[in-house]
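**Q** If you read the protein sequences in the order shown, they are chains V and R.
The opening position of the first sequence corresponds to residue 14 in my numbering, with each subsequent residue numbered one higher.
The opening position of the second sequence corresponds to residue 14 in my numbering, with each subsequent residue numbered one higher.
One or more of the hints may lead you astray.
Each pair may be met inside one copy or between any two copies, as identical chains are not told apart.
Derived pair list, reagent style SDA-like, types lysine to any residue, alpha-carbon separation capped at 20 Å [what the hints assert, rightly or not]:
#: 1; residue 1: Lys193; residue 2: Gln64
#: 2; residue 1: Lys175; residue 2: Phe104
#: 3; residue 1: Lys319; residue 2: Arg230
#: 4; residue 1: Lys263; residue 2: Ser174
No lab work stands behind these hints: they were computed from the structure.
Predicted model only: the values in this text are computed from it and were never measured.
Number of protein chains: 2
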Amino acid sequence: MTELKNDCLLRALLRKPVNRTPVWLMRQAGRYLPEYRATRSRAGSFLSLCQTPELACEVTLQPLVRFFLDAAIIFSDILTVPDAMGLELSFSEREGPTFAKPVRSSSDIARLGIPDPEVDLRYVMDTIRLTRSELGGSVPLIGFAGSPWTLATYMIEGRSSKDFSRVKCLLYDQPEKMHKLLERITQAVTLYMNAQATAGSQVLMVFDTWGGILTPRNYREFSLNYMTQIITGLTRVVNDKKIPIILFTKGSGACLGDIAATDCDAIGIDWTVDLNYARSQVGSHVALQGNLDPAILAASPENIRKHVIQVLDDFGTGSGHVFNLGHGIRPWTDPEHVRILVDTVHELSSTYHNQDSTE
Amino acid sequence: MTELKNDCLLRALLRKPVNRTPVWLMRQAGRYLPEYRATRSRAGSFLSLCQTPELACEVTLQPLVRFFLDAAIIFSDILTVPDAMGLELSFSEREGPTFAKPVRSSSDIARLGIPDPEVDLRYVMDTIRLTRSELGGSVPLIGFAGSPWTLATYMIEGRSSKDFSRVKCLLYDQPEKMHKLLERITQAVTLYMNAQATAGSQVLMVFDTWGGILTPRNYREFSLNYMTQIITGLTRVVNDKKIPIILFTKGSGACLGDIAATDCDAIGIDWTVDLNYARSQVGSHVALQGNLDPAILAASPENIRKHVIQVLDDFGTGSGHVFNLGHGIRPWTDPEHVRILVDTVHELSSTYHNQDSTE
Numbered sequence: 014m015t016e017l018k019n020d021c022l023l024r025a026l027l028r029k030p031v032n033r034t035p036v037w038l039m040r041q042a043g044r045y046l047p048e049y050r051a052t053r054s055r056a057g058s059f060l061s062l063c064q065t066p067e068l069a070c071e072v073t074l075q076p077l078v079r080f081f082l083d084a085a086i087i088f089s090d091i092l093t094v095p096d097a098m099g100l101e102l103s104f105s106e107r108e109g110p111t112f113a114k115p116v117r118s119s120s121d122i123a124r125l126g127i128p129d130p131e132v133d134l135r136y137v138m139d140t141i142r143l144t145r146s147e148l149g150g151s152v153p154l155i156g157f158a159g160s161p162w163t164l165a166t167y168m169i170e171g172r173s174s175k176d177f178s179r180v181k182c183l184l185y186d187q188p189e190k191m192h193k194l195l196e197r198i199t200q201a202v203t204l205y206m207n208a209q210a211t212a213g214s215q216v217l218m219v220f221d222t223w224g225g226i227l228t229p230r231n232y233r234e235f236s237l238n239y240m241t242q243i244i245t246g247l248t249r250v251v252n253d254k255k256i257p258i259i260l261f262t263k264g265s266g267a268c269l270g271d272i273a274a275t276d277c278d279a280i281g282i283d284w285t286v287d288l289n290y291a292r293s294q295v296g297s298h299v300a301l302q303g304n305l306d307p308a309i310l311a312a313s314p315e316n317i318r319k320h321v322i323q324v325l326d327d328f329g330t331g332s333g334h335v336f337n338l339g340h341g342i343r344p345w346t347d348p349e350h351v352r353i354l355v356d357t358v359h360e361l362s363s364t365y366h367n368q369d370s371t372e
Numbered sequence: 014m015t016e017l018k019n020d021c022l023l024r025a026l027l028r029k030p031v032n033r034t035p036v037w038l039m040r041q042a043g044r045y046l047p048e049y050r051a052t053r054s055r056a057g058s059f060l061s062l063c064q065t066p067e068l069a070c071e072v073t074l075q076p077l078v079r080f081f082l083d084a085a086i087i088f089s090d091i092l093t094v095p096d097a098m099g100l101e102l103s104f105s106e107r108e109g110p111t112f113a114k115p116v117r118s119s120s121d122i123a124r125l126g127i128p129d130p131e132v133d134l135r136y137v138m139d140t141i142r143l144t145r146s147e148l149g150g151s152v153p154l155i156g157f158a159g160s161p162w163t164l165a166t167y168m169i170e171g172r173s174s175k176d177f178s179r180v181k182c183l184l185y186d187q188p189e190k191m192h193k194l195l196e197r198i199t200q201a202v203t204l205y206m207n208a209q210a211t212a213g214s215q216v217l218m219v220f221d222t223w224g225g226i227l228t229p230r231n232y233r234e235f236s237l238n239y240m241t242q243i244i245t246g247l248t249r250v251v252n253d254k255k256i257p258i259i260l261f262t263k264g265s266g267a268c269l270g271d272i273a274a275t276d277c278d279a280i281g282i283d284w285t286v287d288l289n290y291a292r293s294q295v296g297s298h299v300a301l302q303g304n305l306d307p308a309i310l311a312a313s314p315e316n317i318r319k320h321v322i323q324v325l326d327d328f329g330t331g332s333g334h335v336f337n338l339g340h341g342i343r344p345w346t347d348p349e350h351v352r353i354l355v356d357t358v359h360e361l362s363s364t365y366h367n368q369d370s371t372e
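Just chain V, same shape as in the assembly (with noise of 0.2 Å):
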């Protein structure tokens, strides 16, 4: 593999002193460029897209041509590791995604396969390593699934859900079935990931999109005990290179000093909490990677300037920040002012930073 010649990203997730601020931007690569809907087009179906790896790796790459972002992050969904796991995932413009075989019972449960992630995800893995050969060491290839507490919320559901009440019944009343649903997701993950590492995923990220819906209990015992898991059943070094794990639960504003006593490397934050609180919370222990509000990229090109830069002053000096959204950028965003946030974190960010402690 060539000499990765833009690490300031794995350098901040590290820790280690940096020149400016990374940024990247939670579904960089999406429906808000013209040239991922062509692609996308020519795909036929979203779920297409995702398994064709010359399609995924096109769509992968076209936010970096138009911006200077410091990481590609695969395209994919999180979903693909449940369909490999027997659910038979259809996604519909109306309905979203949708599961022919939601699991409801415990022969469903036992009924559950592990993919290989090289036969059964093999699309996936074909991906990673056309686009780290695309890259050619440009930038950072970030690679991803859900978490098993988010995995298992559509796979009971069998779709996306409101107010969830399936899932957390089975929680309430048959929490061994809901461990038990939860170890083999957690098995399929932690195998699925590792193989991403191997093809060549320099970070891995871990989205957590509903543990905010729990309690802070359940959220510690169904959601983040999983996530723990998958971090220490990780191959944390590959090829001599330490590979950054980061952890993103949308909401968990009231458990980030858990999330940080965990050992990943950082942790995703939404915009419901400041960036100056969650540092106080977390200490040292980790990088932070967010914040900014998605909705934000419809206002004007001034609003977008002040507010990245309170999200910067939010942080304040030194390493360990990665600027990002706090959620994935809509559908409906100008990718000019995509440009504004990436342009304007390249100009100012320096500045956050001690230049002379760079080593």
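With chain V fixed as given, assemble chain R onto it according to the hints.
**A** Relative to the frame of chain V, chain R by itself:
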């Protein structure tokens, strides 16, 4: 007015000693009750149910016939105020609430009426008077309104929203305009709540359903700020009785100290923070109301009891706790499970109070 027979709620809200923890439930009058569905069907539509005092009073009282609750809450909807301001509210099964004339321009804001509660919202005032009379002093009657910020989200979006892009764009790009709108709503809500107290509401609650979608800074500036102004504008003593005020912002775990610093008497807490944590944040400034996850009501009687006890334990001993859910009762809830919740609080909560210290 007849003397109040059960003043447990009022005492707890003012942190006076009580023999047991009072309990009422958000949306205790609602779709989960077959008798509610019968009255709703007689009314023809949800709006005509709200606007017919005899029927609104009937459904307000229904849960008190079934369960040993310590309060009635007037049956109404937070969107009746914007409707009276001229936005023309309607409800459909599929779409939920919709405004025919959403607020989009400065002239829309200038055009907004400030309703005279005894004229434009007379049906609410009549419902309050009728319900007070029907209650005969058995339990206190709670009146409520939506927070200016939460009402503004519906008034600008025109309906329920997923990502609040329109309202956030206004906030970020034209904060002065947003403040103008919020000032106007604050004026309307203050008049409306004062009129409710005069008509007979013995407790007032502000529902800030969408304060939690804001950054902490914006929450303070655009939501809490206006709830504070409402509190300042309220006549706090009516007929020599203090009217306790409860503020409830869903997802406000990071801002509890700020909310406690207003002149409210109690804070509503959702289930995403523990009551012991909440209590540590607010000290003895205010009472706390909450915070059982409404999803628990789908669980077994045994598990419901276990989690009710957990909430009582989390608050701990002493007055200043009002038992409630962390959000409204779900429509699918089995009324018998609600009974288990209410009865458990009644049976077990006396052990959290020092009998001797009761006045």
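**Q** Pop the pair Lys263 and Ser174 into one bin, within, between, both or neither, using alpha-carbon distances up to 20 Å.
**A** both (16 Å within a copy, 19 Å between copies)
**Q** What label fits Lys175 with Phe104 when the C-alpha limit is 20 Å: within, between, both, or neither?
**A** Cα proximity of Lys175 and Phe104: in one copy and across copies (17 Å, 19 Å).
**Q** Within a copy, between copies, both or neither: which one fits Lys193 and Gln64 at a CA-CA cutoff of 20 Å?
**A** neither (29 Å within a copy, 50 Å between copies)
**Q** I want to check one pair: Lys319 and Arg230. Are their C-alpha atoms no more than 20 Å apart within a copy, between two copies, both, or neither?
**A** between (37 Å within a copy, 14 Å between copies)
Hint 1 from the earlier list is the only one contradicted by this structure; the remaining hints agree with it.
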